[in-house]
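Chemist: What follows is the residue order along each chain.
Protein chains: 2
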Amino acid sequence: MSTPTDLGRRRLLASGTAAIAAAGIGGATRAVAQAAPPAAAAQAKPLPAYVSWKDADSMIVHSPNTVETRWSAFGSSLITPADRLYIRNNLAPPDVSIVANRDAWQLAVEGVKQPRTLTVADLKSLGVDALPMVLQCSGNGRGLFSDKASGTQWKVGAAGLVIWGGVPLRAVAEALGGVAPGMRFVTGTGGEAIPAGIDPKSVIVERSVPISALEDAMLAWEMNGEPIPHAHGGPLRLIFPGYSGVNNVKYIKRLAFTRDETDARIQQTRYRIVPPGGKGHPSMPAVWTMGTKSWINSPAPGQRPLRPGWVQIHGVAMGGMNAARRVEVSIDGGKTWRDAAFFGPNLGRYAWRQFVLQAQLRPGTHQLASRATDTQGNVQEERTPFNASGYLNAGWRAHMVQVTVA
Amino acid sequence: MSTPTDLGRRRLLASGTAAIAAAGIGGATRAVAQAAPPAAAAQAKPLPAYVSWKDADSMIVHSPNTVETRWSAFGSSLITPADRLYIRNNLAPPDVSIVANRDAWQLAVEGVKQPRTLTVADLKSLGVDALPMVLQCSGNGRGLFSDKASGTQWKVGAAGLVIWGGVPLRAVAEALGGVAPGMRFVTGTGGEAIPAGIDPKSVIVERSVPISALEDAMLAWEMNGEPIPHAHGGPLRLIFPGYSGVNNVKYIKRLAFTRDETDARIQQTRYRIVPPGGKGHPSMPAVWTMGTKSWINSPAPGQRPLRPGWVQIHGVAMGGMNAARRVEVSIDGGKTWRDAAFFGPNLGRYAWRQFVLQAQLRPGTHQLASRATDTQGNVQEERTPFNASGYLNAGWRAHMVQVTVA
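Residue numbers (my numbering), protein chains in the order written: chain A, 101 to 506; chain B, 101 to 506.
If you're looking for bench data, these hints aren't it; they were derived computationally from the structure.
Note that the coordinates shown come from a computational prediction; the quantities given were computed from them, not determined experimentally.
Be aware that one or more of the hints could be misleading.
What the hints assert, rightly or not - Label pairs and their in silico Cβ distance ranges:
1) Arg-216/A to Asp-195/B: 45 to 51 Å
2) Asn-201/B to Asp-360/A: 54 to 60 Å
3) Lys-213/B to Arg-404/A: 50 to 56 Å
4) Arg-438/B to Gly-277/A: 48 to 54 Å
5) Arg-483/A to Gly-282/B: 54 to 60 Å
6) Asp-155/B to Ala-204/A: 19 to 25 Å
7) Ala-293/A to Pro-164/B: 39 to 45 Å
8) Ile-298/A to Asp-195/B: 40 to 46 Å
9) Lys-213/B to Thr-475/A: 19 to 25 Å
10) Arg-438/B to Thr-475/A: 51 to 57 Å
11) Arg-284/A to Arg-483/B: 42 to 48 Å
12) Thr-475/A to Lys-435/B: 45 to 51 Å
13) Val-479/A to Gln-214/B: 38 to 44 Å
We treat Cβ as the ideally placed atom computed from N, Cα and C, and that holds for glycine.
Isolated chain A (complex conformation) (with noise of 0.2 Å):
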């Protein structure tokens, strides 16, 4: 129970199916949950005209900026497809046409030793890379706290798990002459049209991260082996792995090593951990890396009730900087747990790891829990501190599943 836990398929297999096969299958005696029924799909809000083309039977529409994952619509497969990806715009995405001609898009990459500007064409002749990451929004899980905080009450799907395609950002700076002296930060500006009469700097979409972020860093042109659609930031996207959603800035037209922080107000009072009942102060800690955190995927929140039986409890670990390196199950709502197996590839440590455990639930009600540590030792929190809006909640009790069993 206390090591290590990374069983291949075939240790997997051999430890699970001797199990199954003494126990007997559920087969013709045991019916599974089935997700939610398509009813409440169809009286949600429809999908806004931009992302009509996503799976409308998998997604939630908060608002037209705001459009959530249903829990029960993360798969298996690692992979989160294009048509099951959140979505969350700061501001109203450009207009479409500027996807009709993507090699054509430019960016201004400035605090370097010699600042130009690229085009994506440029950009794919300096280099090219692949790059798994879960792309998490900062405030994913703000609707699972038991304080509440306005904005979107995302539960766990404003996450997916993307590769991304593209060019890693130190092969352009150093195509530049290497970043400027005295710069100790990465600052990023979309392209999003500022509405009129208002102070661009209180709506700009400009996040600046610390210039460690550099090292891992990448300006991409695709996404899970097709160019990025438009309302996930093509043609380019600038991209941090391990930091949370809003420092990807969608749209980019500008790439700035910078000496300080943006005075952006999305940088300098927004996204920041704020004391229940204060307000955003550049002191503050940004919201950039996420942490160690895991949920359940199946059994779903609001399935119908399971029959007794053996259940394949699994869900998705990670650790934000880090790769997960266990997970723990607990059926019993924290009180015992006991070691998952992770399953599928490993896509490295920006990536979120699949694990499984396998399990008898009785009839009744059970609260399914699980608790991940990553290859720093850093465990997955019981409850994330509540912080004024609502950001990086990782609690895992937040997150327990409850199962009927009937």
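Fit chain B to the supplied structure of chain A, relying on the hints for placement.
Modeler: Below, chain B without anything else, positioned relative to chain A:
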């Protein structure tokens, strides 16, 4: 030149960008090749209704049952999304109503000690895994043989990298008491309707593979994070990683461990490596596992002329049953070779790896080639001997890409 090359991101950057910086960016002086103009697509056949959701600009419609991914539509972010994945059906798919209640789909399992019929819901209680695999049509590359075989003239686009989600077939067999004694094959039967008035054996999609394939086989209900699209075999598909497309039976309704190969025509005389001019016979090698193969995706054939300067020559390499261990690239039609670097995540032995070589191309015409070596030391052949049906073409010479620099 003679050692395996598997550079990490860091080394790739360090070696690549110094050279780029030294040469200066193509930047303002360099336009990048564009994909073939969309006009070509506009003149082509429209997508069949059952796959109308695919990305039309990325696909070549050969016939209602054969749809290819354009050479230029492969990206550099590893995965092939469902809407760019090729289609090849041996029979018209069953009615789409079979995915209305996926968990109710029934599979008869035979040749085990306790044969029985299981639903997808039952299967989901037996185990869960995620399995990345190159799915490749047995005839991929047929159109690149200099000899012409009848059948779809696939180039490279009857292949893709997908991640399946499902239950290991071993777990199912073990739960049913294990494989019955004496069985030497695994035989899968598809659920397509047999047209009236035809001998079922002449058209039924029923394939047998050696029982050794049981080791890593899967009964899959998911692909790339969502339920398998009906057009790709949902609700349930039999997956034998490393085996060519036809062996991965869609809409699987019967899974049998058998003493002998099925007597269906698709097994007995079709999908055999037949000498040119000959006829298929059970004594000839069956089209089962795939071999060592690679090709260059970018630059793709048919692009506009490149400007002189640095080019990222990238593509994919696979070993069939073994991972690719090394890829060499030639820019002079195979006279000289340089080691390419792998990039992006490694999804295991059945997946392809992405490779890149940074090269400077002078004005003129260049023949770009790639040559893979797998972990067992098998080197991609220069020429695959032609066979009557044009199966399994993996010759590097046939897969060369000609580019013009002007």
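Chemist: Does each hint fit the structure? Answer for all of them.
Modeler: The hints, checked one at a time:
no.: 1; hint: Arg-216/A to Asp-195/B: 45 to 51 Å; in the structure: violated (58 Å)
no.: 2; hint: Asn-201/B to Asp-360/A: 54 to 60 Å; in the structure: holds (58 Å)
no.: 3; hint: Lys-213/B to Arg-404/A: 50 to 56 Å; in the structure: violated (33 Å)
no.: 4; hint: Arg-438/B to Gly-277/A: 48 to 54 Å; in the structure: violated (27 Å)
no.: 5; hint: Arg-483/A to Gly-282/B: 54 to 60 Å; in the structure: holds (58 Å)
no.: 6; hint: Asp-155/B to Ala-204/A: 19 to 25 Å; in the structure: holds (21 Å)
no.: 7; hint: Ala-293/A to Pro-164/B: 39 to 45 Å; in the structure: holds (44 Å)
no.: 8; hint: Ile-298/A to Asp-195/B: 40 to 46 Å; in the structure: violated (54 Å)
no.: 9; hint: Lys-213/B to Thr-475/A: 19 to 25 Å; in the structure: violated (43 Å)
no.: 10; hint: Arg-438/B to Thr-475/A: 51 to 57 Å; in the structure: violated (35 Å)
no.: 11; hint: Arg-284/A to Arg-483/B: 42 to 48 Å; in the structure: violated (57 Å)
no.: 12; hint: Thr-475/A to Lys-435/B: 45 to 51 Å; in the structure: holds (46 Å)
no.: 13; hint: Val-479/A to Gln-214/B: 38 to 44 Å; in the structure: holds (43 Å)
Checked against the numbered hints above, the structure violates hints 1, 3, 4, 8, 9, 10, 11; every other hint is satisfied.
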